Each structure stands twice: as C-alpha cells, then as structure tokens.
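Add chain B to chain A, keeping to what the hints say.
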Amino acid sequence: MRRLLYLLPIVLFAAVAGYFALALSSGRDPQTLPSAMIDKPAPEFALGGLDNGAGLQLDALKGQVVLVNFFASWCEPCRDEHAVLMRLAKDNNVALYGIAYKDKPADTTRFLKQLGDPYRAIGLDETGRTAIDFGVYGVPETYVIDKEGRIRLRHVGPLNQADVTRELLPLMAALAHS
Amino acid sequence: MIAELGLYALILAFGLSLVQATLPLKGAASNHAGLMATGQGAAAAQFVLIATAFIALMHAYITSDFSVANVYENSHSAKPMLYKITGVWSNHEGSMLLWVLILSLFGAAVALFGDNLPPPLRARVLAVQGMIGAAFLAFILFTSNPFLRMNPVPLDGQGMNPVLQDPGLAFHPPFLYLGYVGFSVTFSFAVAALIEGRVDAAWARWVRPWALAAWCALTIGIAMGSWWAYYTLGWGGWWFWDPVENASFMPWLVGTALIHCAIVVEKRDTLKSWTVLLAIVTFSLSLVGTFLVRSGVLTSVHAFAVDPMRGTFILMLLVAAIGGSLTLYAIRAPKLAGGGLFAPISREGALVLNNVLLTTAAATVFLGTLYPLFLDAVGGPKVSVGYPFFNRTFVPLMVPVLIAVAAGPMLAWKRGDLLGALQRLWIAFAAALVIVMAGLYLAGFAPILSILGLGIAAWVAVGSLTEWADRVKLFRAPLGDTWRRAIHLPRSAYGMTLAHLGLAVSVAGIAASAFSVERIELLHPGDDLDIAAYHLHFVGTEPVPGPNFNADRATIEVTRNGAPVAVLHPERRFFTLQQMTTGLTAIHTNFFSDLYVALGDPDPSGGATIRAYWKPLVPWIWIGAVMMALGGMLSLLDRRWRVGAAAGKRLPAAHPAPGE
Numbered sequence: 021m022r023r024l025l026y027l028l029p030i031v032l033f034a035a036v037a038g039y040f041a042l043a044l045s046s047g048r049d050p051q052t053l054p055s056a057m058i059d060k061p062a063p064e065f066a067l068g069g070l071d072n073g074a075g076l077q078l079d080a081l082k083g084q085v086v087l088v089n090f091f092a093s094w095c096e097p098c099r100d101e102h103a104v105l106m107r108l109a110k111d112n113n114v115a116l117y118g119i120a121y122k123d124k125p126a127d128t129t130r131f132l133k134q135l136g137d138p139y140r141a142i143g144l145d146e147t148g149r150t151a152i153d154f155g156v157y158g159v160p161e162t163y164v165i166d167k168e169g170r171i172r173l174r175h176v177g178p179l180n181q182a183d184v185t186r187e188l189l190p191l192m193a194a195l196a197h198s
Numbered sequence: 279m280i281a282e283l284g285l286y287a288l289i290l291a292f293g294l295s296l297v298q299a300t301l302p303l304k305g306a307a308s309n310h311a312g313l314m315a316t317g318q319g320a321a322a323a324q325f326v327l328i329a330t331a332f333i334a335l336m337h338a339y340i341t342s343d344f345s346v347a348n349v350y351e352n353s354h355s356a357k358p359m360l361y362k363i364t365g366v367w368s369n370h371e372g373s374m375l376l377w378v379l380i381l382s383l384f385g386a387a388v389a390l391f392g393d394n395l396p397p398p399l400r401a402r403v404l405a406v407q408g409m410i411g412a413a414f415l416a417f418i419l420f421t422s423n424p425f426l427r428m429n430p431v432p433l434d435g436q437g438m439n440p441v442l443q444d445p446g447l448a449f450h451p452p453f454l455y456l457g458y459v460g461f462s463v464t465f466s467f468a469v470a471a472l473i474e475g476r477v478d479a480a481w482a483r484w485v486r487p488w489a490l491a492a493w494c495a496l497t498i499g500i501a502m503g504s505w506w507a508y509y510t511l512g513w514g515g516w517w518f519w520d521p522v523e524n525a526s527f528m529p530w531l532v533g534t535a536l537i538h539c540a541i542v543v544e545k546r547d548t549l550k551s552w553t554v555l556l557a558i559v560t561f562s563l564s565l566v567g568t569f570l571v572r573s574g575v576l577t578s579v580h581a582f583a584v585d586p587m588r589g590t591f592i593l594m595l596l597v598a599a600i601g602g603s604l605t606l607y608a609i610r611a612p613k614l615a616g617g618g619l620f621a622p623i624s625r626e627g628a629l630v631l632n633n634v635l636l637t638t639a640a641a642t643v644f645l646g647t648l649y650p651l652f653l654d655a656v657g658g659p660k661v662s663v664g665y666p667f668f669n670r671t672f673v674p675l676m677v678p679v680l681i682a683v684a685a686g687p688m689l690a691w692k693r694g695d696l697l698g699a700l701q702r703l704w705i706a707f708a709a710a711l712v713i714v715m716a717g718l719y720l721a722g723f724a725p726i727l728s729i730l731g732l733g734i735a736a737w738v739a740v741g742s743l744t745e746w747a748d749r750v751k752l753f754r755a756p757l758g759d760t761w762r763r764a765i766h767l768p769r770s771a772y773g774m775t776l777a778h779l780g781l782a783v784s785v786a787g788i789a790a791s792a793f794s795v796e797r798i799e800l801l802h803p804g805d806d807l808d809i810a811a812y813h814l815h816f817v818g819t820e821p822v823p824g825p826n827f828n829a830d831r832a833t834i835e836v837t838r839n840g841a842p843v844a845v846l847h848p849e850r851r852f853f854t855l856q857q858m859t860t861g862l863t864a865i866h867t868n869f870f871s872d873l874y875v876a877l878g879d880p881d882p883s884g885g886a887t888i889r890a891y892w893k894p895l896v897p898w899i900w901i902g903a904v905m906m907a908l909g910g911m912l913s914l915l916d917r918r919w920r921v922g923a924a925a926g927k928r929l930p931a932a933h934p935a936p937g938e
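Residue numbers (this note's numbering), protein chains in the order written: chain A, 21 to 198; chain B, 279 to 938.
One or more of the hints may lead you astray.
To be verified - The calculated lysine to any residue pairs, modelled on SDA-like cross-linking and capped at a C-alpha distance of 25 Å, are:
no.	chain 1	residue 1	chain 2	residue 2
1	A	K133	B	K751
2	A	K110	B	L800
3	A	K133	B	D808
4	A	K133	B	F707
5	A	K124	B	M359
6	A	K124	B	G515
7	A	K124	B	M676
8	A	K82	A	A66
9	A	K133	B	D806
10	A	K124	B	I681
11	B	K751	B	I681
These are calculated hints, taken from the structure and not from any lab test. None of these values were measured; they are calculated from a predicted model.
Bound-form chain A, shown alone (with noise of 0.2 Å):
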C-alpha cells in the first residue's frame, strides 16, 4: 500500500502529460478557443440589473442580432478593451448587452462611471452561473447571438479595433440582413 502512494507522483504526471499531448495534437490556435455552443441557441438566462434596473434576459434580446459582452471590473484587460466597446456603442450603434461576471455591484457601478457605460443593458452573473452555461473561459469574452437567440461567434479575450472592423461588424451586419 506505502508502496503504491510512491506510484502516485508518476501516475499524475503522466495524466498531466497526456493532456498536454492532446492539447498539442489536436492542433488548433489557442488564440480561438472554439465553442462547442456556435450554432446553437443561447443558454436560457434571467439576471438582475444594477441599482434595480431592469436586468437581462435572453428572451428580450431576439429579434434583433446582438453583441453579449461578459466583463468584470477586476479584470484588467475588459479596461483595455472598453474604449472599443464605447465606439462600438456610439459609433456603431450596435445592440451591445453587458453580463458583469462575478463582479460586486457597487464595484460594476464605479467600473461604468468611470469609464463610460456602452451597455443597452447589464445582467449581474454575480454566481457565474450563466458564464459556466455560456461556457466562457474568462473574462472579457464576447458571443454575437443572432435574431433567433442562437450563438453565431464567440471572441475570447479583449476585442480591438482591427477585429471589431474585420469580422465583428461584417457578421453582424450580414446577420441582421439575413
């Protein structure tokens, strides 16, 4: 029995090991995770707003083809990527919908004063309940969701200007043509 525990290191290393082989081999960029959800329609959700406003739920964003942007204001790089989503809000005019995840109010509600709010609306995922549903790997991540509810793209990390006017913008305008 002593004996097996001495096994034990080894035996997670090579758990760890054949991870990091699949992960090698299945030779995809890391820089665009895919989402297992694209073409499928978006995780059902219902969350509360900042100081009792309205709140955010999936049913009331069909019809029209929308941006869902999952931020936080502890995380650095949803700062960076903020000034795109202002321009993208005022510029643009996009339905832009923010899910504040796992994010204190107050702390949501200085995060906007401060930088600007580009949001049409905000849903508090205060457990991270929806994100697990949406199946994001952090924060800043942010999913198109056509007319009819369903996930068309998903961007993991900060959006920047080249990928807004390159891919984001074109897919949203051909979908709301569509």
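Same frame as chain A, but now just chain B:
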C-alpha cells in the same frame, strides 16, 4: 562569420554534453576515478563554449547584423543600445540560449566548487546536468537555431515588441532563469541521490545552498515582473494570475517548501523521500512553466511565437525528464529509510505543515491555470476561473501558513511545547489585536479582510522579532550578554528572521491594497484633481521625440497642503514601426504609499484622461520581496555551508551545528 562561430560552439557544446551525460555515470557505477573526473572538464568546457555562442549572438545584436534572421526579426538599428543587448533574450531563440548558458554556468560551478563532494555523487550530479543540457541544446539546434542567416540581407530589422522596451522587463528574465535553472542543480542532486539510493544530512547540506540561491533569484525575478506590470499597465494592478505569472509562481511555492524541508533532512535526518520529491517537482514545474509559455497550449500576453514543432519537442523533453525522474523515485524512494521520529507538535511538525500548505497552494494554482483547458481538451463542459477562484482558494491556504510562520521557529525539534510558544508570542498577538482594532476604528467594518490581513502581517513581524529576542535573551539577560549572543547568532538565523519579516511586509502591502483610492477624470490643461491628501494640477501635455518612438508627456504638479511635493510626467509612447502605444506611469513614492498617475487617451477637445491612484503600503509588496531574497542570501553566507559537509560528518564535535 562570428555567427557561424557561435553555431559551431553550440554544436560542440552539444557533443560535450553527451559525453558529460554518460561517461561520469559509467565511472561512478564502476568506481573509475578517471571516468568520473571527465564530468568536471566537460562541464567547464561546456560553459566556455555556450558563453562563446551567447557572446556571438550578442555581437550580432550590437552590430545590428540583419543577415542573422533572429536579429532581423527582433531588433532595429534605431533601438537604444541597452535594448539591443537585452533584445538578445527578449525572443524565443535567444532566451533559450540564455537558459542553457545559466544551466552550464551552474554545471561549471558544481564542477569547480564541488571538491568536498564525494566523487561518485559529484559525477552523477554532473551527469544529470549533462542530460538536461543535452536535451536543451538539441532543442535549440533542431528547432530554435538563433544563428540562421538570411539571404538577401534586409536593410533594417522589424524591431522588438515595444512592451519589452523597458528596464524592468528587460532584466527580469535573467533573474527568473537563474531561479528556474538553479533548481536544476537540486533536481540533479535528487536524481543522483536516487541513483545512489542514499540521502543523508551531508546531501541536504549540499542541496540547500543551491535551492536557496535559486529561490532568491526567483523571488527577485517574480518581484521584478510584478513591479513591471504595476508601472507599465497603468491600472494600478500588480498581479493578474496570468498563466505566465502562475508558471513562475508555482516553482516558487514548491521551492519555498523545499528550502524549509531540507532543513529537516539536514538537522534531523528524516522526511528524506519527501524532500527528494520536492526537489524533483520544483524543477519539473520550472520545465512545465517553460513548456506552457512556448508551446502555445496557453495563451498569454507574455507568450512568444507559437510553434507546434517546438511544443512537441518540449513535451518529449518533459516526459523524459519528469517521467524518468518520477519513475526512478517510485522505484527507489521506498528504500530511503526514514530517520528520527517526531511528535506532531514540534519544529518538524511545523515544517511539515508549511510544506503541506505550500504544495497544496501550488496545486491550486496549477489547477486554476490548467483545469479550464483540461476540460476543454476532453470535451467536457467549460468552467471559468480567474481572480475569484484564486482569491477563494489560494488566500485561505495562506492564512494558516502565515499564522504558523511566527509559531514554528519557537517550537523545539522532536517535541515542542505549543502552549509555551504561544505564551511567548503574546506580544505578537497583542500587536495584531491593536492593528485590527485600530483598523476597525479608522476604516470601519467594510474592508474587514484587509484589516485582518494587516493584523496577520503584524503577527508575523512581531512574532519573528520575538523569536530573535528570545534567542539573544533580550531584556532577560544583561545587555552585554545579549550583545554577545546577537553577534554569535549564525547568519542563517538572521536570514530567517529577515525573510520572515519580509514576508510580513509583503503581506501588509497586499492587504492594504483594499484601501487604495482611484480617480479617473478627463482633464484639460489648467484643471485640478484632488486625491487622498494630494492636489494635482494638470499643466498640459507636450510631444517629446524618443529614439524609436514619439511620446506625449504630461506635466502634473503635485502639492500637499499647498506645499510642492513633486512634478510628475506620465507618458504615452507611440512606436511608429510597430504602430503600438505603450504607457509610462509616473509614480511618486514615499515608501509608505504611492501616488500613481497614468496618462490615458487624449480627448479631441484638447484634454486627456488622467488616471490617478493613491495606494497606501503598496511599495511594501516589493520591499518585502527584496527583504525575503536578502534573507535568503544572508543565510547563504552562513559559514556552515563553507565547512566541508564530509569533514563535518567525520568530526561532529569540531563543528557544532549552529542555528539551534
């Protein structure tokens, strides 16, 4: 020509490392003195050869020789000289070369300064070092040759990532590598001991200085990296639980466990197989860290160019090194007889607690870094981790560690008196209580965790000082007696006290971050901003040309109660070649708090967004880290390391072990 010379030197070094990996091992097995001695010559020559290659590459960078592809891809003729030099290791190929350079430096040091090691042990240690060297040299030669030529020769280089053009980032890789690679020596000692099937106090005496040296370098390296993040990213954060940060933090945690555990082997001849395992795991985590950054398995801002071929090679290397050593461990470790017994409440017991908590913390970080991707790979549901995960798992594990730090050194070996130790620590407890009460009175109940954190910091600080006062019998013996005791206290004892004080200082700095104040405002020239006790007057911004960038430099006059304090110049630098903007924060520190000002986006109306933070005690995070590293170095200067371990064993009476 010089680049080719560097390549030949590398190929030669690879050949020599194969010799070093085999002949001494054979010599040790057959007790052949001549064969065993080959390791020393090979290790020394390898260092000279790799240093030659490194200098050749540096020459190419300094002279901006763009016929070398690596220089073309990562340098530019307009880059300041300092960054041409640091540019050598600011890219994948060059950093690998630095890695093997440091590895061969340590190998040569074992060869040159290992005269009082038993010859078979030295031969085996050098052989294991040779194997690691051979693997990494093969990796460089076959997948990451830094000396590849280009034809035709381009006119100018592509430049370096502007983020890297910063002294803090430029100099932290050498420290990190000194740490990572330094643990290769303890790894080699562990594997050599497993081959020999013997671990004793002399072995621990040999291993501990190496582990300490590596640990000090790693501490400095991590602190520099975090300091860099603090002043360049411009949001006042200093630790992000980024995969690359975690990759350096995991070996640090296990290495911390190792330097504590080796004391037990040395003093009490027990916990042997555990210490050997820690030595293997520490270096394994350094290797895994290297793998994670370079293979592209994890994404990160710090990651170099992704190349699956390299990833496969590194994975094979990991399987050989870690898998091999752990297999050897599974076979040999059960035979390592345990020595002295001890009661749960004892110095050993406290160190075991420290080990269990630190390794669990490292496992948590490992899990938090890899679990999301692991689930992804097996097609399971995804989970999210981030700040909240680490705060909820890592922080609670650190609390008992910190509470034990003060009590552990007070306990006797074998069987300790916890009640007695706690009684002697009443003053530390009182100090913690005073801090918590004062905190509650001044700040209220809201930042309760931060206030408790400050209380724990006071507990650790006063507890460490109490332990020192106890040893020198402060106020309990005549002052002259105390003075004599203080002088004769070994340096390792002072090292421990200093390192534990440093830990308390860092914890205070971390805990106090909840008290920081931030103001983010759009200011026009002439506008004012008040933050904490400071008054900021925004004079305006002006363009300032740099060597390879154009900067916008703001001028902000800081006053406090009308008296001038400082003039701050935060900058935004635009690198024309790479079309990238980086920030340069202006920080005014008085060592108790930082006034931190960053220049944000310019506004079309002529104003600029100014982000101002007042951060109390934040500089202590890094001051504490430096104290920890200094404590480690002080401990390294202890005369006991210079006393031959073998001699000490033969004549135990002549060298009473200090530090008791």
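Evaluation of the provided hints:
no.	hint	result
1	A:K133 - B:K751	violated (57 Å)
2	A:K110 - B:L800	holds (18 Å)
3	A:K133 - B:D808	holds (18 Å)
4	A:K133 - B:F707	violated (42 Å)
5	A:K124 - B:M359	violated (47 Å)
6	A:K124 - B:G515	holds (18 Å)
7	A:K124 - B:M676	holds (24 Å)
8	A:K82 - A:A66	holds (13 Å)
9	A:K133 - B:D806	holds (19 Å)
10	A:K124 - B:I681	violated (29 Å)
11	B:K751 - B:I681	holds (23 Å)
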